[in-house]
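Chain by chain, the residues run as shown.
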Amino acid sequence: MGLYNDTVMDHFMNPRNVGEIEDADGTGVYGSPVCGDMMQVQIKVKDDIITDAKFKTFGCGSAIASSSMATTMIIGKSVEDALEVSNKKIIDELGGLPAVKVHCSVLADHAIKSAIYDYAQKNNKTYKGLEGFDPNEDDDDEGATE
Amino acid sequence: MSQTRRVYLDYSATTPVKEEVLKEMIPYYTEKFGNPSSLYTIGLESKAAIDKARAQVAGLINADPAEVYFTGGGSEADNWTLFSVANAMKTKGKGNHIITSKIEHHAVLHSCQFLEKNGFEVTYLDCEKDGTITPESLEAAIRPDTILVSIMFINNEIGTIEPVEALAKVAHDHGILFHTDAVQALGNTHIEVKKMGIDMMSMSSHKIYGPKGEGALYMRKGIKIPSFIHGGAQEMGKRAGTENLPGIVGFGKAAELAGENLDKHIKHCTDIRNYLLDQIKKNIPDVVVNGNMEHRHPGNANVTFEYIEGESILLLLDSFGIAVSTGSACSSKSLKPSHVLAAIGVPDEMIHGTIRFTVGDFTTKEDIDYVIDCLTKVVSRLREISSVNSKKGW
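Line by line, the protein sequences give chains C and H.
Position 134, counted from 1, in the first sequence is what our numbering calls 134; the numbers after and before it change by one each time, with no gaps.
Position 354, counted from 1, in the second sequence is what our numbering calls 354; the numbers after and before it change by one each time, with no gaps.
I should point out that these hints are in silico values taken from the structure, not numbers from a laboratory.
Quick caveat: nothing in here was measured; it's all calculated off a predicted structure.
Where is the CB? At the ideal position from N, CA and C, for every residue including glycine.
A few of these clues could be false.
[To be verified] Heads up, incomplete: computed chain C residues facing chain H, CB under 7 Å, no partners named:
| hint | residue |
| --- | --- |
| 1 | Val18 |
| 2 | Val34 |
| 3 | Gly36 |
| 4 | Met38 |
| 5 | Gln40 |
| 6 | Lys56 |
| 7 | Thr57 |
| 8 | Gly59 |
| 9 | Cys60 |
[Claimed, not checked] Derived lysine to any residue pairs resembling SDA-like cross-links, with alpha carbons at most 20 Å apart:
| hint | chain 1 | residue 1 | chain 2 | residue 2 |
| --- | --- | --- | --- | --- |
| 10 | H | Lys392 | C | Cys35 |
| 11 | H | Lys336 | C | Ser32 |
| 12 | H | Lys377 | C | Gly19 |
| 13 | H | Lys391 | C | Val29 |
| 14 | H | Lys336 | C | Val34 |
| 15 | H | Lys391 | C | Ser32 |
| 16 | H | Lys392 | C | Val29 |
| 17 | H | Lys392 | C | Ala24 |
| 18 | H | Lys392 | C | Glu22 |
| 19 | H | Lys336 | C | Leu3 |
| 20 | H | Lys336 | C | Val100 |
| 21 | H | Lys391 | C | Gly19 |
| 22 | H | Lys391 | C | Ile21 |
| 23 | H | Lys377 | C | Arg16 |
| 24 | H | Lys47 | H | Glu256 |
| 25 | H | Lys391 | C | Glu20 |
| 26 | H | Lys392 | C | Ser32 |
| 27 | H | Lys391 | C | Val18 |
| 28 | H | Lys336 | C | Pro98 |
| 29 | H | Lys392 | C | Ile21 |
| 30 | H | Lys391 | C | Thr27 |
| 31 | H | Lys392 | C | Glu20 |
| 32 | H | Lys391 | C | Glu22 |
| 33 | H | Lys392 | C | Asp23 |
All chains, please: the whole structure from these sequences, using the hints.
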């Protein structure tokens with residue numbers, strides 16, 4: 001009997017890619033401790049491929065699991081493909097989240113996009129997947145898909 | 001993770017039924033099953049068992065047995081009090097203003113909010129930083145149309161013991177009824193309803209090693225309020241429905257044991273709880289203890305672990321077989337952080353990292369050593385993962 005399924009628990013108990021990248025090419029921070037979760041995602045990019053990603057998360061079990069899963073999903077992908085990782089895809093990979101926890105996956109989705117946004121800004125790049133993306137948008141429930 | 005060791009530190013949520021209590025209850029499911037309202041032998045025996053239980057519960061709070069009415073739990077006793085007093089007083093034209101506090105249990109708070117939607121006015125008193133509700137704040141809130149004051153005896157989250165005797169005096173000085181939700185207080189502190197001037201008091205069985213689904217309302221002799229559950233003439237005509245006979249018998253036995261063991265229980269829990277707090281402070285940096293250390297539930301330790309979130313702590317402790325609860329929004333279905341911690345001024349980001357440990361009769365020092373060992377690992381692991389820390393600050 002558990003609050004979450006086995007995949008979520010595995011990513012919570014044994015999170016992948018925890019940490020920070022000293023010479024990161026892009027850093028995204030999303031959420032706020034006041035709201036109960038805050039996520040930092042950092043990426044290394046080479047030849048438009050995300051070669052590494054690390055995260056740090058203040059948050060509940062599903063926030064940590066979503067961060068872990070999200071980083072595993074973008075490593076090795078092209079930047080444009082990584083931008084396709086939506087909160088729905090994160091939830092699917094996790095095998096589902098309780099309805100009240102869906103916003104945790106949105107947070108991971110936004111943190112990744114924020115990291116890529118930072119990379120794009122620093123390198124004068126534009127990506128189709130970033131069109132209309134505002135890293136400072138504070139409503140983390142926007143666009144939530146169950 | 002396979003774990004055989006289990007440490008239960010959530011005695012304020014519920015308690016296991018004690019063997020002695022269960023033993024008393026069992027015959028009332030099988031051979032002693034008679035309806036207490038029936039006039040033949042096994043019915044009368046059931047009636048006698050209820051009378052005995054009533055005397056046992058009355059004994060624990062120094063009331064007359066005729067002042068104890070069994071209910072289906074503490075929440076029903078709270079609802080009964082609020083709705084029946086409100087309606088009776090309004091009908092009599094005495095007023096429609098109720099005073100309670102911001103840190104009450106939801107059984108009181110949500111009942112008050114419901115009454116507000118039905119034309120009553122409610123004042124929710126603030127509390128001090130340690131959770132104390134002062135007689136002065138009550139005095140200042142009283143109006144000519146105030147009909148009821150309902151302030152809890154012990155807060156369920158931070159364990160603060162409220163000055164009920166002084167609060168009741170303020171209410172009485174103005175001729176107002178005083179009710180207290182004593183669900184957390186029963187069996188955890190000395191309660192003398194007459195000396196303390198309590199008019200009505202809600203109690204629950206499953207917090208004192210009795211069965212769930214059973215509780216009682218103490219109502220001082222002379223107070224007349226309408227029934228909440230209408231039907232038969234059970235409970236002196238005040239609470240209809242065939243009695244939960246085994247539940248009542250169990251509650252009675254649990255109350256008797258709680259009375260006999262009260263001083264021992266308080267000392268045991270206080271010692272173990274203080275050991276837990278000392279060890280936490282000694283082994284884990286950046287922790288804050290919430291509530292009042294002097295006037296406190298003997299088993300309650302409410303601790304904020306900075307820079308990490310409570311549901312994560314709870315889940316990892318659970319993987320070690322340890323059961324605790326948290327004030328974090330993430331653990332609640334409503335996603336709202338604890339209203340009690342907010343009322344004592346704990347910032348939201350710290351509320352999310354707050355854990356309530358409550359020890360009880362079966363908690364040992366060895367249990368605490370195991371908990372400290374696991375907790376130290378859990379907290380440092382989550383702090384490694386966290387995006388905030390003591391260096392960066394919030």
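Hints, verified against the model:
no.	hint	verdict
1	Val18	holds (5 Å)
2	Val34	holds (5 Å)
3	Gly36	holds (5 Å)
4	Met38	holds (5 Å)
5	Gln40	holds (4 Å)
6	Lys56	holds (4 Å)
7	Thr57	holds (6 Å)
8	Gly59	holds (5 Å)
9	Cys60	holds (4 Å)
10	H:Lys392 to C:Cys35	holds (18 Å)
11	H:Lys336 to C:Ser32	holds (15 Å)
12	H:Lys377 to C:Gly19	holds (18 Å)
13	H:Lys391 to C:Val29	holds (17 Å)
14	H:Lys336 to C:Val34	holds (11 Å)
15	H:Lys391 to C:Ser32	holds (17 Å)
16	H:Lys392 to C:Val29	holds (14 Å)
17	H:Lys392 to C:Ala24	holds (18 Å)
18	H:Lys392 to C:Glu22	holds (16 Å)
19	H:Lys336 to C:Leu3	holds (18 Å)
20	H:Lys336 to C:Val100	holds (11 Å)
21	H:Lys391 to C:Gly19	holds (15 Å)
22	H:Lys391 to C:Ile21	holds (17 Å)
23	H:Lys377 to C:Arg16	holds (18 Å)
24	H:Lys47 to H:Glu256	holds (18 Å)
25	H:Lys391 to C:Glu20	holds (15 Å)
26	H:Lys392 to C:Ser32	holds (14 Å)
27	H:Lys391 to C:Val18	holds (18 Å)
28	H:Lys336 to C:Pro98	holds (16 Å)
29	H:Lys392 to C:Ile21	holds (16 Å)
30	H:Lys391 to C:Thr27	holds (19 Å)
31	H:Lys392 to C:Glu20	holds (14 Å)
32	H:Lys391 to C:Glu22	holds (17 Å)
33	H:Lys392 to C:Asp23	holds (19 Å)
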